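Visitor: Note that the protein sequences, when read in sequence, are chains A and B.
Numbering (full-length UniProt numbering) for the first sequence: 1 to 168.
Numbering (full-length UniProt numbering) for the second sequence: 1 to 168.
Treat the hints as calculated values from the structure; they're not laboratory data.
Computed from a prediction, not measured in an experiment: that's the story for all the values here.
Mixed in with the good hints there might be a few duds.
Just so you know, same-sequence chains aren't split out, so a pair can sit in one copy or run between any two.
[As the list claims (entries may be wrong)] Mimicking DSS-like on lysine-lysine, the simulated pairs with C-alpha atoms at most 30 Å apart in a straight line are:
{"no.": "1", "residue 1": "K38", "residue 2": "K157"}
{"no.": "2", "residue 1": "K166", "residue 2": "K131"}
{"no.": "3", "residue 1": "K131", "residue 2": "K38"}
There are 2 protein chains.
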Amino acid sequence: MVQDFAYFERGIDRISRQLPGMPRDRVVLNRLFFSVFKELDELYNRHLEEHGLNTSSFLAMVMLISCEENRLNPRDLSNALVASRTNVTRLTDELVGAGWVARNPSIEDRRRVDLSLTAAGRELILGVLPKVWLLIERQWADFSADEIVAFDLLLRKMQRSLSRIKDA
Amino acid sequence: MVQDFAYFERGIDRISRQLPGMPRDRVVLNRLFFSVFKELDELYNRHLEEHGLNTSSFLAMVMLISCEENRLNPRDLSNALVASRTNVTRLTDELVGAGWVARNPSIEDRRRVDLSLTAAGRELILGVLPKVWLLIERQWADFSADEIVAFDLLLRKMQRSLSRIKDA
DNA sequence: ATAAAATAATTACATTTGTAATTATTCCAT
DNA sequence: ATGGAATAATTACAAATGTAATTATTTTAT
Numbered sequence: 001m002v003q004d005f006a007y008f009e010r011g012i013d014r015i016s017r018q019l020p021g022m023p024r025d026r027v028v029l030n031r032l033f034f035s036v037f038k039e040l041d042e043l044y045n046r047h048l049e050e051h052g053l054n055t056s057s058f059l060a061m062v063m064l065i066s067c068e069e070n071r072l073n074p075r076d077l078s079n080a081l082v083a084s085r086t087n088v089t090r091l092t093d094e095l096v097g098a099g100w101v102a103r104n105p106s107i108e109d110r111r112r113v114d115l116s117l118t119a120a121g122r123e124l125i126l127g128v129l130p131k132v133w134l135l136i137e138r139q140w141a142d143f144s145a146d147e148i149v150a151f152d153l154l155l156r157k158m159q160r161s162l163s164r165i166k167d168a
Numbered sequence: 001m002v003q004d005f006a007y008f009e010r011g012i013d014r015i016s017r018q019l020p021g022m023p024r025d026r027v028v029l030n031r032l033f034f035s036v037f038k039e040l041d042e043l044y045n046r047h048l049e050e051h052g053l054n055t056s057s058f059l060a061m062v063m064l065i066s067c068e069e070n071r072l073n074p075r076d077l078s079n080a081l082v083a084s085r086t087n088v089t090r091l092t093d094e095l096v097g098a099g100w101v102a103r104n105p106s107i108e109d110r111r112r113v114d115l116s117l118t119a120a121g122r123e124l125i126l127g128v129l130p131k132v133w134l135l136i137e138r139q140w141a142d143f144s145a146d147e148i149v150a151f152d153l154l155l156r157k158m159q160r161s162l163s164r165i166k167d168a
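Construct all of the structure, not just a fragment, from the sequences and the given hints.
Guide: Next comes the structure, spelled out in structure tokens:
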């Protein structure tokens, strides 16, 4: 069956036989990474749905409750979400429409817009966060403290590698 | 600035002060995972673009060249890509339109459709794979063999954990 | 044998995301 | 001080993805 990863590995080996030079272990790693991410995103979207959120709007609200001045520009959100500015504009429209976020012209720079949580938005995200944390704890329940640390280091290393390739 | 992860960690700590009970290390891990994935997806999309592909259509073609009988049903692709059947229908329309994939009614079960690569599709993917492998090698160049193995094991563990939560 | 349930793919429609062009403002080099 | 370049956000539009309903076929329980 498709769901277990051995299926993919057999496929990868079939390609390897048709075309030499495959860095097999790293090809497997990337494939794993993609499929695990999709499952992860799906899981959190499913749990956030009942609160009218998805992983993007949730992260946007989290960025807003966690930022220094309690306000953030669309540009910052775009970086934080690794999403286009366009999409952030639309997302913001949505959150403003729901009454969770306020848009205010920036005082220092009139090109800018300051986004901040409304009282309702703050209340929502403070209610959702503990539920998300419970899910996170279930998700990582089988991992030892050492494994968590190791995973963290590997992801950061991967991040550095990706940004180096990007800049090159 | 937003791009380095310390920025997120300071935000995470600000939340922690507003709301107790956060499993900090694992929250950081999930955030890292999301942001690394987005960067990864972006990188590969950028490199695949010149061949008229993106990560989805590329993986679809890879599944087709790597499958046992050289044919696959839309259903299988949907599982492999962790994408909706609808999206696979559209994706297939696209690949068929480009002349890379053929749609044939299945002999055993007339509800089904067999998808397979055309000669042009096969040629395309055999040309693209080596380039993708070069990128993969750059991406993982800094990782030792041990790190690759460790990462692989952690991702598989994560996959099992996610599928356990899904089934529950 | 046959009717209900299950399965496969697709269609119609909505949502999410992105690229390119536009508008407004600020920065910077003369 | 001022005109060109850079930056911020948005708008118009296109591409990618998803949900629910529909059609065709097969499986299964009587």
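Visitor: All hints, please: hold or fail.
Guide: Status of each hint after checking the structure:
1. K38 <-> K157: both (21 Å within a copy, 15 Å between copies)
2. K166 <-> K131: between (35 Å within a copy, 16 Å between copies)
3. K131 <-> K38: both (21 Å within a copy, 24 Å between copies)
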